[in-house]
Amino acid sequence: MSCRRICRELLSFVRFGELGARSQPHLDHLAGCASCRDEVGYDREMVQRLRTALAARIEGMNLSPQVWEQILRRAQAPDPEPADGWLGRLGAAAVRRRTTTAMAGTALALVLALNMEVVSIMPAVTTDASMEAAFTDADASDSQRWARPSAVRPTPVTATEVVGPRRVVISPPEIRMSGIVAGLTPPSASDVAPDPAPEVLVVFRSVEPVGHLADDDRLDAGSPAQEEPDDEPEPQPAPSPAEPGQPS
Amino acid sequence: MAQPSTESRPAGDLVERMQSGDLDAFEEFFTTYKRQVYATALAITRDPFLAEEILQDCFVKTYKVRERLDSSRSPLPWLQRVAINLCYSRVSRRRHLAEPITSLITNLVVDLAARPEQVVESREVLEVLQRGIDALPPKQQTAIILYYLHGYSLAESAEIARCNVGTMKSRLHYALKALRARLPVERQLPVGGTPATVRASSR
Numbered sequence: 001m002s003c004r005r006i007c008r009e010l011l012s013f014v015r016f017g018e019l020g021a022r023s024q025p026h027l028d029h030l031a032g033c034a035s036c037r038d039e040v041g042y043d044r045e046m047v048q049r050l051r052t053a054l055a056a057r058i059e060g061m062n063l064s065p066q067v068w069e070q071i072l073r074r075a076q077a078p079d080p081e082p083a084d085g086w087l088g089r090l091g092a093a094a095v096r097r098r099t100t101t102a103m104a105g106t107a108l109a110l111v112l113a114l115n116m117e118v119v120s121i122m123p124a125v126t127t128d129a130s131m132e133a134a135f136t137d138a139d140a141s142d143s144q145r146w147a148r149p150s151a152v153r154p155t156p157v158t159a160t161e162v163v164g165p166r167r168v169v170i171s172p173p174e175i176r177m178s179g180i181v182a183g184l185t186p187p188s189a190s191d192v193a194p195d196p197a198p199e200v201l202v203v204f205r206s207v208e209p210v211g212h213l214a215d216d217d218r219l220d221a222g223s224p225a226q227e228e229p230d231d232e233p234e235p236q237p238a239p240s241p242a243e244p245g246q247p248s
Numbered sequence: 001m002a003q004p005s006t007e008s009r010p011a012g013d014l015v016e017r018m019q020s021g022d023l024d025a026f027e028e029f030f031t032t033y034k035r036q037v038y039a040t041a042l043a044i045t046r047d048p049f050l051a052e053e054i055l056q057d058c059f060v061k062t063y064k065v066r067e068r069l070d071s072s073r074s075p076l077p078w079l080q081r082v083a084i085n086l087c088y089s090r091v092s093r094r095r096h097l098a099e100p101i102t103s104l105i106t107n108l109v110v111d112l113a114a115r116p117e118q119v120v121e122s123r124e125v126l127e128v129l130q131r132g133i134d135a136l137p138p139k140q141q142t143a144i145i146l147y148y149l150h151g152y153s154l155a156e157s158a159e160i161a162r163c164n165v166g167t168m169k170s171r172l173h174y175a176l177k178a179l180r181a182r183l184p185v186e187r188q189l190p191v192g193g194t195p196a197t198v199r200a201s202s203r
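Chains X and D, in that order, give the protein sequences. Residue numbers for the first sequence follow the working numbering, beginning at 1 and rising by one. Residue numbers for the second sequence follow the working numbering, beginning at 1 and rising by one.
Each hint should be verified, as a subset may be incorrect.
[Claimed, not checked] In silico SDA-like links for lysine to any residue, alpha-carbon gap of 20 Å or less:
| id | chain 1 | residue 1 | chain 2 | residue 2 |
| --- | --- | --- | --- | --- |
| 1 | D | Lys-169 | X | Arg-5 |
| 2 | D | Lys-169 | X | Leu-54 |
| 3 | D | Lys-169 | X | Val-14 |
| 4 | D | Lys-177 | X | Arg-15 |
| 5 | D | Lys-177 | X | Arg-4 |
| 6 | D | Lys-34 | X | Ala-55 |
| 7 | D | Lys-34 | X | Gln-66 |
| 8 | D | Lys-64 | X | Trp-68 |
| 9 | D | Lys-169 | X | Arg-22 |
| 10 | D | Lys-169 | X | Leu-19 |
| 11 | D | Lys-177 | D | Ala-135 |
| 12 | D | Lys-139 | X | Leu-54 |
| 13 | D | Lys-64 | X | Glu-69 |
| 14 | D | Lys-34 | D | Asp-22 |
| 15 | D | Lys-177 | X | Arg-5 |
| 16 | D | Lys-139 | D | Gly-166 |
| 17 | D | Lys-169 | X | Arg-51 |
[What the hints assert, rightly or not] Calculated from the model, a selection of chain X residues having no Cβ within reach of chain D, i.e. all distances over 10 Å:
| id | residue |
| --- | --- |
| 18 | Trp-86 |
| 19 | Ala-92 |
| 20 | Ala-113 |
Calculated from the structure, these hints are not laboratory results. Glycine included, every Cβ here is placed at the ideal spot set by N, Cα and C.
Extracted from the complex, chain D is given alone in its bound form (with noise of 0.2 Å):
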């Protein structure tokens, strides 16, 4: 993935050339950043055609605003921070009506992975981390989708989620305990470890 500060003077000449009105200067615009911008929203909503949405959106107000960037600095964290505050705008109404299904089959898959013999262990694991991630409020799951999909440094995503460093390890930190506070006790294992309830009475 890009780094947000790595890239900043052509996305300033990229910038420029759009706030006089060159609409190939948009094309480049879009064909530089659209990926990231659709990873995130994808990421965030699993829908592709709500994150397609989302992406025209980002970037029709990007046009619409033009005038407003700053040449100066990667656009790379405003567009990110826009996906993402349309994802959460939009996510969280379509929540409401999935929260009950959600916990239904939450609770079913905690049904299902007391007899693991039904299930294929790795693939459980993971669907287990997708629902939490799912599950974790917006703040965190920004963060470990800028930090461990996206590859953004700390201070990268500290500027995209508009925060300072010592916040945003504070969310990933939050973000992994209570992701591995959703995995089965004895999904807990590393392989050849013994097991955490153990590990933990042993200290």
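The following block holds chain X by itself, in its conformation from the complex (with noise of 0.2 Å):
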């Protein structure tokens, strides 16, 4: 065995206690060798400085007199109640939205990675004419749609045309979805109404996209009579009378 492997184990037999009738060989040649002897030395010298800088740490421990009461008051303390309120809704908000990010992207992952076309699932309905018309005068694109617009025509149970200058007036989230499927626009949160009535219905009329739409014609907060033209000179105010000691 080289002096240094003597030297290794000797010093794992010193550290740990284990000096014994297996280290006997060892403990020879240490007797005759200077370096080893001069290695554990300063092993054994460190390990003590070690245990005077640990006993330092915690020189001195006091704990607080009141620290029972403390524990005692938070072990008898019920539990918390789970995480609820917009915390624990924030916190389930953030896990559905990871989820949900990372099956979007597996699934985009998939698509490119196996070049797949990705094709409308929807069922083919039958058009109809007048529906064909209405978006036929719409100029948008395809881009700007959610869909085609000869997919379904919405049941004339559920659509009443409302009086009202190109307002749309959502009901209840099926109609909407039907008119989001028929191809309209789906409407912004200006286009709802803020009480709607059971039966109140979604007009045909405004198949436009909202993005094509001028600014007053999606804002109906304020009637245009309201409104005041742009070009009116603002009134100027009336001249005061000079102050005294200004000049006029």
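Grab the two chains, each in its own frame, and use the hints to assemble them into the complex.
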């Protein structure tokens, strides 16, 4: 055995208190090797200092007298409710969003990896001539629509016309969905009536995508009569009488 | 320091009484183990306030899960393990902020070590060792605290750290090696010995 190996094993024996009959050859070597004696001596010295350093870390440790009362109070306190409120909802939404993102990413990667073609899975439904005409009038491109215009015709039972300046009033979600499938632009928040009556419905006159509407068409919060024309000059303030001491 | 395996029967009684809802038993349990848990927390964090918080958390958790404690075994290894985990979950958060300052101080100390006339040797070596202990990976740090500070045997330390004895030896070996590497070369002299660099080249 080399001196280095003997020294390494000897250090292990000394460190872990395993000196015994098995370590006799090592001890014999130690008796005649000054280098190994130095090494073992240094190691013991360092361990001694390490013990001192560790003891210094907990030197003068004193617990505050009220620590037991605090522990007792906390131990007897009822367990907090599981996370709810906005924090819990936020966490759940984050988890859902991450899951959705992961699934979408995986699907996209599959599509790209397998060079697949994505096709619409919407059912082929007979078209309606009036619907087709309405969509032909609209000059929106396909990319601005959510679906092909000739997909589904909403049933007359669920849709009636509402009098008003190109206003779209949307009833509950199932009707909204039928409008979307039929090719209508999904309504924005401003198109939704604040308190729709149960029988209130969709106007099919407004088939243009929202992006094509002018701002004044989309917003009907105020009537045109209430708006002031832009070109009307601002009223001049009445000249105040010159104050004494001021040049007029 | 109390050894984990020697006091398991009284500890088992205490645990059983705690499980039956005896708060006096809980207080006795706290009195029995508080010093060891606090010493571990203080040795790792070096912050008395944080160590006390960890002590509180540890015993509150013990009380909450008292039904699941095994009364046939000493709770000390489990308590120490909980305390160690709590320490590292909190210290790791603070280390991100403290690291640049720590490295700055370390560099400064290395410079000071080049001028030994300005510092007292033993104090400096202790400081270097303290920083070396702080810089150790958590598992090695835990190993030296359990083995060299608490004086647990290898088997007991391994039980607390949930590893086998060989792994515990290995962790201690690498911890000592890392600490030794941090000592300035001129400090690596044993009393009356030859420089380590000379010894290494002579072999």
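**Item:** Hinted pair D/Lys-177 and X/Arg-15, Cα distance within 20 Å
**Value:** holds (12 Å)
**Request:** Mind checking the alpha carbons of D/Lys-64 and X/Glu-69 for me, to see if they're no more than 20 Å apart?
**Result:** holds (16 Å)
**Request:** With a cut-off of 20 Å on the C-alpha distance, tell me whether D/Lys-177 and X/Arg-4 pass.
**Result:** Cα-Cα ~15 Å, so holds.
**Prompt:** Has the given pair, D/Lys-64 with X/Trp-68, been kept, meaning a C-alpha gap of at most 20 Å?
**Reply:** Between D/Lys-64 and X/Trp-68 the Cα gap is close to 15 Å, so the pair holds against 20 Å.
**Message:** Need the status of pair D/Lys-139, D/Gly-166: alpha-carbon distance at most 20 Å?
**Reply:** Given pair D/Lys-139, D/Gly-166 holds - Cα atoms ~14 Å apart, limit 20 Å.
**Asked** Straight-line Cα separation of D/Lys-139 and X/Leu-54 no greater than 20 Å?
**Response** holds (16 Å)
**Message:** What's the verdict on D/Lys-169 and X/Arg-22, does the C-alpha distance respect the 20 Å limit or exceed it?
**Reply:** Holds - the C-alpha atoms of X/Arg-22 and D/Lys-169 are around 18 Å apart, at most 20 Å.
**Prompt:** Holds or violated: is the Cβ of X/Trp-86 farther than 10 Å from all Cβ atoms of chain D?
**Reply:** Non-interface label stands for X/Trp-86: nearest chain D Cβ at 24 Å, farther than 10 Å.
**Given pair status - X/Gln-66, D/Lys-34, alpha carbons within 20 Å** = Measuring from Cα to Cα gives roughly 13 Å; hence the hint holds.
**Message:** So if I understand the rule, the pair passes when the alpha-carbon distance is 20 Å or less; does D/Lys-177 with X/Arg-5 pass?
**Reply:** At roughly 16 Å apart (the allowed maximum being 20 Å), X/Arg-5 and D/Lys-177 satisfy the hint.
**Asked** Does the structure keep D/Lys-169 and X/Arg-51 at a Cα separation of 20 Å or less?
**Response** Holds - the C-alpha atoms of X/Arg-51 and D/Lys-169 are around 17 Å apart, at most 20 Å.
**Prompt:** Is it correct that the beta-carbon of X/Ala-113 has no partner in chain D closer than or equal to 10 Å?
**Reply:** holds (38 Å)
Hint violations for this structure: none, all hints satisfied.
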